Amino acid sequence: MEQSAVMEGVVKILTPWVKNEDALQAVGMETNILDDLKVNSARLVDVVIAFEDEFDIEIDDEDVDTVNTVGDAVKLISEKLG
Amino acid sequence: MTTRVVITGMGVVAPNGVGLPEFEQSLRAGRSGIRHVEAMADAKFGCTVAGVPQGVDERVEKEFEEDERLVMNMSHRYASLSCLEAWRDAGLERPARDSETVDWETGAIIGTGIGGMDTTAEKVVPLTDAKKVRRMGSTAVEQVMASGVSARVSGQFALGNQVTTNSSACSTGTEAIAMGLERIRSGAAVRMLCGGSEAASHYIWAGFDAMRVLNRGSNEAPEKASRPMSASAGGFIPGAGAGVLLLESEESARSRGATIYAEVAGQAINCGGHRMGGSMTAPNPESVRRCILAALQDAGIGAQDVDAINGHLTATTADPREIGSWAAALEREPGDLPPITATKSMIGHTLGAAGAIESVAAVLMLSRGFIHPSINCEDVHPEIEPYADSIPHAMQEFANMKTIIKAGFGFGDVNACLVFRAWEG
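In order, the protein sequence lines correspond to chains C and B. Using the numbering used here, read the first sequence as starting at 1385 and increasing by one per residue. Using the numbering used here, read the second sequence as starting at 31 and increasing by one per residue.
Worth flagging that the hints you see were computed from the coordinates, not collected in a lab. Mixed in with the good hints, there may be bad ones.
Said to hold, decoys possible - Calculated from the model, a selection of chain C residues having no Cβ within reach of chain B, i.e. all distances over 12 Å: (1) Met1391; (2) Glu1392; (3) Gly1393; (4) Ser1425; (5) Arg1427; (6) Phe1439.
Said to hold, decoys possible - Straight-line distance between alpha carbons at most 20 Å, and here's what the computed SDA-like set of lysine to any residue pairs gives: (7) Lys162(B) with Lys1403(C); (8) Lys1422(C) with Ala126(B); (9) Lys1422(C) with Leu100(B); (10) Lys153(B) with Val1429(C); (11) Lys1422(C) with Lys161(B); (12) Lys1422(C) with Asp128(B); (13) Lys92(B) with Asp1419(C); (14) Lys254(B) with Gln55(B); (15) Lys1403(C) with Arg65(B); (16) Lys162(B) with Pro1400(C); (17) Lys92(B) with Leu1465(C); (18) Lys1403(C) with Lys254(B); (19) Lys1422(C) with Asp1440(C); (20) Lys162(B) with Val1402(C); (21) Lys162(B) with Asp1437(C); (22) Lys1403(C) with Gln55(B); (23) Lys1403(C) with Lys153(B); (24) Lys92(B) with Thr131(B); (25) Lys162(B) with Ala1426(C); (26) Lys1403(C) with Leu100(B); (27) Lys1422(C) with Lys162(B).
These figures come from a predicted structure and were not determined experimentally. Glycine included, every Cβ here is placed at the ideal spot set by N, Cα and C.
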């Protein structure tokens, strides 16, 4: 899958949880999910489940800990997709 | 001087009407909201009908953003819609989601009888048993915790006063309003959103079916199935929904020029102690009588001042005893009992929401001057027959109603009673 397609899927899943619309408009690989998009940290587990469902992959808890930015998520998902 | 407490807003999600206009129309028309429920039939329930509010998800879609919708289970949806309607009805502005202003003067007591059992049954148990705990996501706790329903609402309205969930089985909704009244009377709060919410789920209703307290005999005629005060009453019909009253101090309501529906003039809460005929599942008639009398005393009125009664009246064998308790407490002979009506005849028994939805009905009747029909009791129960003239089978105009009394009784032998008075300033 193209990285741009993964990026699109990641942003779509994050969108309902985003509290900072301006940051969403300017979203890029470096955008921090908690600090910039202001996603409630408790909801990250729902975001990860949605990643698994959307891309038909499994994400370990250890992997989740490495995800801080949108780019981290895109890279992790791309790796899982092989 | 005691702070007087008034109702300045109401909201309702009922099986026969979502929102005040539709609910009032249905009450006046005697329209039942009881329907066939396929999940009950599939699971081989004896009773396969229930009162389920219609069109709720569409309204939630319109009123709440996606991240809010994703975390709400059904009782949260019912409560949120009801609170929003009550809030707007009171002429209050919904706070902006990104505002940092907290309303320290306003709180909420939104009760539930059963809680998030639908979430427990549909999500927590299957995923745990399947060893997929992490797939539950972040929302399981806030949906199954008893206080989830009031916690949800507090965020929607930036409430900064007491926010809690009470639970006293089928007297929950009535009790929530009584507790809110005391909170404002004490001066601890200015406004309280008070009521109850209960989800529609066959998992919630299964235990009642197992007890054989649901009517199994009217599955083919859902709208005839809920039959309080009837000789052919065969048990109650389960229901779901939410009702909310926005209670406010008189001073606050006056200062902001709010429209006042009525005064919550008195309340009482007690328990029968599982003695004198009371048990886990049956009310002690003496405790019921005392509860009604205490509410009248709290309101500072006499038994003869009651113009109308919105009973608990579930369509079980307790109905005749309840009528007897009303007559005893209000010191009325048969033929002299005020009009007594059962909202459950149209919506079924909405458990923790019942007292709240039925209080909305009571306040609508008081403020609009009518008594809604108590349907499906053309064949009045023989023990209630002496009081038959007090049962309205069709809508009655009642222009000068001053006082309506509402009681709720619950498993655990618990009672709550409210006295609503017309507001004359």
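Taking 12 Å as the cut and beta carbons as the points, is Ser1425(C) off the interface with chain B?
violated (9 Å)
Hint consistency between Lys1403(C) and Lys254(B) [alpha-carbon to alpha-carbon, up to 20 Å]:
Not OK: Lys1403(C) and Lys254(B) at ~49 Å, beyond 20 Å, violated.
Hinted pair, alpha-carbon criterion (20 Å max): Lys162(B), Pro1400(C). Please report holds or violated.
Violated, because 24 Å separates the two Cα atoms, which is more than 20 Å.
Distance restraint between Lys1403(C) and Arg65(B), which requires alpha-carbon spacing of 20 Å or less
violated (40 Å)
Need the status of pair Lys1403(C), Lys153(B): alpha-carbon distance at most 20 Å?
violated (27 Å)
Would you say Arg1427(C) is clear of chain B, with no C-beta pair closer than or equal to 12 Å?
violated (5 Å)
Sort out whether Ala1426(C) lies within 20 Å of Lys162(B), counting only the CA atoms.
holds (18 Å)
Is the hinted pair Lys162(B) and Asp1437(C) satisfied, with a Cα-Cα distance of at most 20 Å?
The hint holds at about 14 Å.
Given pair status - Leu100(B), Lys1422(C), alpha carbons within 20 Å
Satisfied, since the Cα-Cα distance of roughly 17 Å is no more than 20 Å.
Hinted pair, alpha-carbon criterion (20 Å max): Lys1403(C), Gln55(B). Please report holds or violated.
violated (40 Å)
Would you mind confirming whether the straight-line C-alpha gap from Lys1422(C) to Lys162(B) stays at or under 20 Å?
Violated: Lys1422(C) and Lys162(B) sit about 28 Å apart, past 20 Å.
Lys162(B) paired with Lys1403(C) [C-alpha distance capped at 20 Å]:
With Cα atoms ~29 Å apart, Lys162(B) and Lys1403(C) exceed 20 Å; violated.
Checked against the numbered hints given earlier, the structure breaks hints 4, 5, 7, 11, 13, 15, 16, 17, 18, 19, 20, 22, 23, 24, 27 and satisfies all the rest.
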